[in-house]
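Number of protein chains: 2
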Amino acid sequence: MRIEVFFTPPEGYPTSLQDATVAVVDVVRATTSMVEALAHGARAVFPVVATEDAVRLAVSLGREDTLLCGERRGEKVEGFDLGNSPREYGPDVVADKRLVWSTTNGTRAFAAAGEAGRVVAAAFTNLSACAREVADTEHVVVQCAGRLGRFALEDALCAGYLVNRLVESRDAVGETRPELDDAARAARALAQAVEPTQAFLASTEGGAKLVEIGLGEDLAVCARVDHHDVVPELMDQALTLPARG
Amino acid sequence: MRIEVFFTPPEGYPTSLQDATVAVVDVVRATTSMVEALAHGARAVFPVVATEDAVRLAVSLGREDTLLCGERRGEKVEGFDLGNSPREYGPDVVADKRLVWSTTNGTRAFAAAGEAGRVVAAAFTNLSACAREVADTEHVVVQCAGRLGRFALEDALCAGYLVNRLVESRDAVGETRPELDDAARAARALAQAVEPTQAFLASTEGGAKLVEIGLGEDLAVCARVDHHDVVPELMDQALTLPARG
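So the protein lines, in turn, are chains A and B. Following the working numbering, the numbering of the first sequence begins with 1 at its first residue and continues without gaps. Following the working numbering, the numbering of the second sequence begins with 1 at its first residue and continues without gaps.
Don't take every hint at face value.
It does not matter which identical chain is meant; a pair holds if it fits inside one copy or across any two.
As the list claims (entries may be wrong) - Here are the simulated SDA-like cross-link-like pairs (lysine to any residue), alpha carbons at most 25 angstroms apart as the crow flies:
1) K76 - P14
2) K209 - E138
3) K76 - G12
4) K76 - Y13
5) K76 - R87
6) K209 - E115
7) K209 - D136
8) K209 - T15
9) K209 - G149
10) K76 - T51
11) K76 - E175
12) K209 - R165
13) K76 - P178
14) K76 - D53
15) K209 - R2
16) K209 - A95
17) K76 - D65
18) K76 - G90
19) K209 - T176
20) K76 - Q198
21) K209 - E179
22) K209 - P178
Don't read these hints as lab results, they were simulated from the structure.
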């Protein structure tokens, strides 16, 4: 196994991702919230970069069972049904709904990864489930959303935890360790030094901004390691939970 | 003091760098080699992005006391006088020469940082001298060269060591700690876990490529922490050693 980490969405990937599995990570908050929504019974999540495209898609899917979700500057987009807070995605709100979702960083990361053979959504909340899901893959790419094109500490930390899980699971059965690129090694060093607590998330640049606008409680949800046993997978533009065999 | 780290040259900086000091880091090998050259008596180093521009500048400066330096794919550029190996820059070769220098990653990082109020060249070889030089600055930016637009572990490690030196020097005199951005915190965690040995540098993606083309001995020079007490500073397109007061 070969693991590469990208701390921000690249202009283009240096090699083809046709045979790769890409795990998109946007801990604060897109992938955390999408995991909540799907674990709570949403039918599908459609990540869309532009808010206008999100509105168009919601209309074409049928507004009656589709919710418009997402944020700009951390706040719900005007006219949308829901923001980007994981606490908004309870079963009573999302069960059987289609969610069209647009955020500042997370949905861009899905767009960048779109060319890959397989794309999944990862967060602390579904860490072990993701690690198990990609464990037999030859080439794993962890694509962090970052923040406005820059390095985001919480995403790098989550990438490091995912790398660690994959290294440990190989160690446990005496298999060859995954080959790590420079960024994967740095993420791993970070994961070995830091616990993903709510307080730690609040100390990051993105977390601090969230606290500033009164949404700091979201971080308690973002920090719940392995709270859900689901792995959203991108198929035909939508993240869904594949039926388990 | 506020410290920001950029792991790769950005398209543009999010805030003005007019009042900032930027430390450009390209451990393997541009800034290491430039520090060697200037410590060994070179008069000035002109970082230039394109090799054709380097040739033109060398001609206009006067070919008799100007050397063309740099690499593509790690190897000396055809027709150039010297490559990018720190071992080529002995006093007998470079004393009183002007060096026009073009490399794949390092000179791009200088170009990106060009708008800053002040730009210096940093490597492990002049780490403490750099830390002392920027210690009284309000806004420090560490600009890693990276590798082909991607994260480079050795540059991130050097950035982390520089951040650590600045934190420690404040701690030593009981001053407020510098404010670190997300990337500076990640670099620091890396520096607290790893020693910059020749073997470690050889294990990085850039270092391994160098070993592959038979230049692994360069890494012994790149790993000499605090070997030189000089800080190259960019003035009018050229790095020089400012006269010490």
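To see whether the hints hold, each was checked on the structure:
{"no.": "1", "hint": "K76 - P14", "verdict": "between (35 angstroms within a copy, 24 angstroms between copies)"}
{"no.": "2", "hint": "K209 - E138", "verdict": "between (37 angstroms within a copy, 23 angstroms between copies)"}
{"no.": "3", "hint": "K76 - G12", "verdict": "neither (30 angstroms within a copy, 28 angstroms between copies)"}
{"no.": "4", "hint": "K76 - Y13", "verdict": "neither (31 angstroms within a copy, 27 angstroms between copies)"}
{"no.": "5", "hint": "K76 - R87", "verdict": "within (13 angstroms within a copy, 57 angstroms between copies)"}
{"no.": "6", "hint": "K209 - E115", "verdict": "neither (31 angstroms within a copy, 28 angstroms between copies)"}
{"no.": "7", "hint": "K209 - D136", "verdict": "neither (38 angstroms within a copy, 28 angstroms between copies)"}
{"no.": "8", "hint": "K209 - T15", "verdict": "between (35 angstroms within a copy, 17 angstroms between copies)"}
{"no.": "9", "hint": "K209 - G149", "verdict": "within (16 angstroms within a copy, 28 angstroms between copies)"}
{"no.": "10", "hint": "K76 - T51", "verdict": "within (11 angstroms within a copy, 49 angstroms between copies)"}
{"no.": "11", "hint": "K76 - E175", "verdict": "neither (46 angstroms within a copy, 41 angstroms between copies)"}
{"no.": "12", "hint": "K209 - R165", "verdict": "neither (29 angstroms within a copy, 28 angstroms between copies)"}
{"no.": "13", "hint": "K76 - P178", "verdict": "neither (40 angstroms within a copy, 34 angstroms between copies)"}
{"no.": "14", "hint": "K76 - D53", "verdict": "within (16 angstroms within a copy, 49 angstroms between copies)"}
{"no.": "15", "hint": "K209 - R2", "verdict": "between (34 angstroms within a copy, 17 angstroms between copies)"}
{"no.": "16", "hint": "K209 - A95", "verdict": "neither (30 angstroms within a copy, 52 angstroms between copies)"}
{"no.": "17", "hint": "K76 - D65", "verdict": "within (19 angstroms within a copy, 63 angstroms between copies)"}
{"no.": "18", "hint": "K76 - G90", "verdict": "within (17 angstroms within a copy, 61 angstroms between copies)"}
{"no.": "19", "hint": "K209 - T176", "verdict": "between (41 angstroms within a copy, 23 angstroms between copies)"}
{"no.": "20", "hint": "K76 - Q198", "verdict": "within (22 angstroms within a copy, 50 angstroms between copies)"}
{"no.": "21", "hint": "K209 - E179", "verdict": "between (35 angstroms within a copy, 16 angstroms between copies)"}
{"no.": "22", "hint": "K209 - P178", "verdict": "between (35 angstroms within a copy, 19 angstroms between copies)"}
Consistency with the previously given hints fails for numbers 3, 4, 6, 7, 11, 12, 13 and 16, ordered from lowest to highest.
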